[in-house]
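Student: The lines below spell out each chain.
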Amino acid sequence: MTSRRSFLAAFYTTLLLVATGTQAQERFITVASTTSTEQSGLFGHLLPAFTKASGIKVRVVALGTGQALDMARRGDADVVFVHDQAAEEKFIVEGYGVKRQEVMYNDFVLIGPKPDPARAAGKDILESLRRIEAAKAPFVSRGDKSGTHAAELRYWKTAGVDLNTRKGLWYRDTGSGMGPALNTAASMNAYILADRGTWLAFKNRGELGIVVEGETRLFNQYGVILVNPARHPHVKQAGGQKFIDWLVSAAGQKMIAEYKIDGEQLFFPNAGR
Amino acid sequence: MGEIATSLVLAGELVATGDERLAAIVMLSLQVSFSATLIACLIGMPLGALLAVGRFPGRRALIVLFNGLMGLPPVVVGLLVYLLLSRAGPLGPFGLLFTPAAMIIAQTVLIVPIVAALARQTIEDEWREYREQLRSLGASRLRSAMTLLWDGRFSLTTSGLAGFGRAIAEVGAVMIVGGNIDGVTRVMTTTIALETSKGDLPLALALGLILIAVVLAVNTAAFVLRQWAEKRWG
Amino acid sequence: MGLGMTWLVLDRLGLTESGVCIINDVTLKVGAGRTAILGPNGAGKSTLLRLMHGLLRPSDGCQHWPQAFTQGMVFQRPVMLRTTALANVEYGLKLRGVNPHDRRQRAVEALVRVGLPAIADRPARRLSGGEQQRVALARAWALEPQVLFLDEPTASLDPASSREVERIIREIAASGTRIVMTTHNLGQARRIAEEVIFIDSGRVLEQSPVEEFFTRPRHAAAQRFLEEETP
Numbered sequence: 001m002t003s004r005r006s007f008l009a010a011f012y013t014t015l016l017l018v019a020t021g022t023q024a025q026e027r028f029i030t031v032a033s034t035t036s037t038e039q040s041g042l043f044g045h046l047l048p049a050f051t052k053a054s055g056i057k058v059r060v061v062a063l064g065t066g067q068a069l070d071m072a073r074r075g076d077a078d079v080v081f082v083h084d085q086a087a088e089e090k091f092i093v094e095g096y097g098v099k100r101q102e103v104m105y106n107d108f109v110l111i112g113p114k115p116d117p118a119r120a121a122g123k124d125i126l127e128s129l130r131r132i133e134a135a136k137a138p139f140v141s142r143g144d145k146s147g148t149h150a151a152e153l154r155y156w157k158t159a160g161v162d163l164n165t166r167k168g169l170w171y172r173d174t175g176s177g178m179g180p181a182l183n184t185a186a187s188m189n190a191y192i193l194a195d196r197g198t199w200l201a202f203k204n205r206g207e208l209g210i211v212v213e214g215e216t217r218l219f220n221q222y223g224v225i226l227v228n229p230a231r232h233p234h235v236k237q238a239g240g241q242k243f244i245d246w247l248v249s250a251a252g253q254k255m256i257a258e259y260k261i262d263g264e265q266l267f268f269p270n271a272g273r
Numbered sequence: 274m275g276e277i278a279t280s281l282v283l284a285g286e287l288v289a290t291g292d293e294r295l296a297a298i299v300m301l302s303l304q305v306s307f308s309a310t311l312i313a314c315l316i317g318m319p320l321g322a323l324l325a326v327g328r329f330p331g332r333r334a335l336i337v338l339f340n341g342l343m344g345l346p347p348v349v350v351g352l353l354v355y356l357l358l359s360r361a362g363p364l365g366p367f368g369l370l371f372t373p374a375a376m377i378i379a380q381t382v383l384i385v386p387i388v389a390a391l392a393r394q395t396i397e398d399e400w401r402e403y404r405e406q407l408r409s410l411g412a413s414r415l416r417s418a419m420t421l422l423w424d425g426r427f428s429l430t431t432s433g434l435a436g437f438g439r440a441i442a443e444v445g446a447v448m449i450v451g452g453n454i455d456g457v458t459r460v461m462t463t464t465i466a467l468e469t470s471k472g473d474l475p476l477a478l479a480l481g482l483i484l485i486a487v488v489l490a491v492n493t494a495a496f497v498l499r500q501w502a503e504k505r506w507g
Numbered sequence: 508m509g510l511g512m513t514w515l516v517l518d519r520l521g522l523t524e525s526g527v528c529i530i531n532d533v534t535l536k537v538g539a540g541r542t543a544i545l546g547p548n549g550a551g552k553s554t555l556l557r558l559m560h561g562l563l564r565p566s567d568g569c570q571h572w573p574q575a576f577t578q579g580m581v582f583q584r585p586v587m588l589r590t591t592a593l594a595n596v597e598y599g600l601k602l603r604g605v606n607p608h609d610r611r612q613r614a615v616e617a618l619v620r621v622g623l624p625a626i627a628d629r630p631a632r633r634l635s636g637g638e639q640q641r642v643a644l645a646r647a648w649a650l651e652p653q654v655l656f657l658d659e660p661t662a663s664l665d666p667a668s669s670r671e672v673e674r675i676i677r678e679i680a681a682s683g684t685r686i687v688m689t690t691h692n693l694g695q696a697r698r699i700a701e702e703v704i705f706i707d708s709g710r711v712l713e714q715s716p717v718e719e720f721f722t723r724p725r726h727a728a729a730q731r732f733l734e735e736e737t738p
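Taken in sequence, the protein lines are chains A, B and C.
Everything in the first sequence is counted per the working numbering, starting at 1 for the first residue and increasing by one.
Everything in the second sequence is counted per the working numbering, starting at 274 for the first residue and increasing by one.
Everything in the third sequence is counted per the working numbering, starting at 508 for the first residue and increasing by one.
The shape of chain A in the complex, shown without the other chains:
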């Protein structure tokens, strides 16, 4: 049965091709980062410049801050680039990270339906949240241990709203990323806390608009950390450090400042300041 033999030969050849095709290795580092940096398009803007300057490719896995840090704890990333200072410092104290460096900030914005049924518009995020709770107006929470989720919980706490007792049907815990949560908010005309970058890049806005912005408390700091090679020996220390150095260098900081959507600057470099 020669047909059978040629059939099997073709089968194994394909398999071999497949195996070798996926083996191709190149110089790269893996960065665990947040959906806000990826989905706002910042990485698409920054990474080609870094790769050109260093010859190192950057593979970004975009998750919530909490997940990104957990992924790094398991040793599955070389660098973390996230925005939750408390969680980042805990990560360092546990010995998973070498050192935290501040890179840039953007800000959170409170998004809500344009008619503003809870009369939440204003200049004080805490007062706005109290009004939303008082009106029992629908509010969508990320609920995914992300940096934005952590910030949202901090604001509720500072505002004196104890979610454990006041949480009702109006508070929708979606357990999803920024984009999906915004989609949910758009479809049910709910209030939601978002980072400005994702909001600006977000297309399916429906009736939603910015309700509160520009307040100092809404400041959102991004930090970058090299995963500790003492903890995970396979970490690409040299490449990872190069990426961090570049981010905080004059060239990297300039690139960050230059990224704009519809003429609006999304991230404000503040390394070493």
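Hints are computed from structural coordinates only; laboratory data are not their basis.
Among the clues, some could well be false.
Far from chain B, some chain A residues (derived; all Cβ distances over 10 Å) [said to hold, decoys possible]: (1) S54; (2) D76; (3) A87; (4) K99; (5) D124; (6) M188; (7) A238; (8) W246; (9) A257; (10) G263; (11) E264.
Among the chain C residues that face chain B by a calculated CB cut under 8 Å, a handful are [what the hints assert, rightly or not]: (12) F582; (13) R603; (14) V605; (15) I626; (16) P630; (17) L693.
Glycine included, every Cβ here is placed at the ideal spot set by N, Cα and C.
With the hints as your guide, set chains B and C onto chain A.
Tutor: Below, chains B and C without anything else, positioned relative to chain A:
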């Protein structure tokens, strides 16, 4: 309705302009899912044949098990493979996480039960017809299983295609073990999920339509080939 | 009607399947070179044949082969693999571990003997029913069995194909292979067999030389059967 029409136009444009990034994503999707299907067939079909022909303790339990595993949730498979391939996991030193190889592994695990269960069904039907003849000729059960695998090769394409369809359409497993890294592990389904997150629903749907078209094309090709082969060999 | 040495003994053989008795207490000795098993529909002819060949395991009694014989069987509906006619004939030889060269030669010879050398490379499943049955006979014959069981080998064939298959069966017998066949074609039984085993409701009622059976059946049921079946 307007959005769906927009998506249709957008899908047409993407295809017509031969968008290079889209082409790369489609190719990666096909490469990953074809590889997973190939490996799943190599494992699942002999397994299915042994389940159909074999007589051993626990056979019935295994059949029920594989039938049940056809409904494996992709996210669970993704997590399982993630924990295996993670640096902290038993296969960590190979550094396979966030590579196409990891996605192939996850999809293979996902569809082996589908291929095996459907192959068992096909082979069992053949076995009913062939059984006496093969025994009379003196074929052992193992030998019979091999003969039936070869003889049922055209019918078995259905189980392979079912596995392929499931592999290329799933997002949960490849998202977790691939990481949806731009240019490395971004496939059609993870791109659709990403564009949905960005709120670009028309683009997401347009990509979905292209995915459906690709799957249809593969199925059509397989169908035509099978028709031809069955006409030739009966 | 010289019957040869007994080569198969059935001793109180019985088969019960899910409470239904299909073969009931069959005791007989087979010694003829060409045996036909006759009986009405549902009498258990095919089942008895399968018990003899070992495809079915008896639930009672046992069978005894004084000498170990190589066996083959041809079924009412030929089972062809999805490959060429030649490869189908070779398949049986392959299972016996015959080397590729001899295998090819013996398969070709067998196809020549059944009169089908021309279709060797054709897909077996695309052949006509008669041709498929002849390929099945070639496949069995190529193994040179000492006993060949045939289950209604011409039941689904047209008259011309039936005649050809009958011719082949007679040649196989002439080559020294013992034949045991079921049939409900009485003319065929008379032309081929030298001994008849008559079976009804799972019991063997009569075992006689063929001429004796057709001219002076001993059992009343056999007489009735012949009257009903003869036009």
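Student: For A257/A, is the shortest CB-to-CB distance to chain B above 10 Å, so the non-interface label stands?
Tutor: At about 23 Å from chain B, A257/A clears the 10 Å cut-off, so the statement holds.
Student: Tell me if L693/C is really an interface residue toward chain B, meaning its C-beta lies closer than 8 Å to one of theirs.
Tutor: The hint is violated - L693/C has no Cβ within 8 Å of chain B, the shortest such distance being about 26 Å.
Student: Non-interface claim for E264/A: all C-beta distances to chain B beyond 10 Å?
Tutor: With a cut-off of 10 Å, E264/A remains clear of chain B, as the shortest Cβ separation is near 17 Å.
Student: Minimum Cβ separation between A87/A and chain B greater than 10 Å?
Tutor: holds, 19 Å
Student: Regarding the assertion that G263/A does not contact chain B, is the least Cβ-Cβ distance greater than 10 Å?
Tutor: Consistent with the label, G263/A stays out of reach of chain B, its closest Cβ about 19 Å off (over 10 Å).
Student: Beyond 10 Å from every Cβ of chain B: is that where the Cβ of A238/A lies?
Tutor: holds, 17 Å
Student: Would you say K99/A is clear of chain B, with no C-beta pair closer than or equal to 10 Å?
Tutor: It holds; K99/A is separated from chain B by about 21 Å at its closest Cβ, greater than 10 Å.
Student: Please check whether F582/C passes as an interface residue: C-beta within 8 Å of a C-beta belonging to chain B.
Tutor: At 6 Å from the nearest chain B Cβ, F582/C passes the 8 Å test, so the hint holds.
Student: Examine each Cβ of chain B, and state whether all of them lie more than 10 Å from the Cβ of M188/A.
Tutor: Per Cβ check, M188/A is outside 10 Å of chain B; nearest 14 Å; holds.
Student: Please verify that the nearest CB of chain B lies beyond 10 Å from D76/A's CB.
Tutor: violated, 5 Å
Student: Do the numbers back the hint for I626/C, that is, is its least Cβ distance to chain B under 8 Å?
Tutor: Where the cut-off is 8 Å and the nearest Cβ of chain B is about 13 Å from I626/C, the hint is violated.
Student: Hey, does W246/A actually stay past 10 Å from chain B on C-beta?
Tutor: holds, 18 Å
In summary, the numbered hints that this structure violates are 2, 14, 15, 17.
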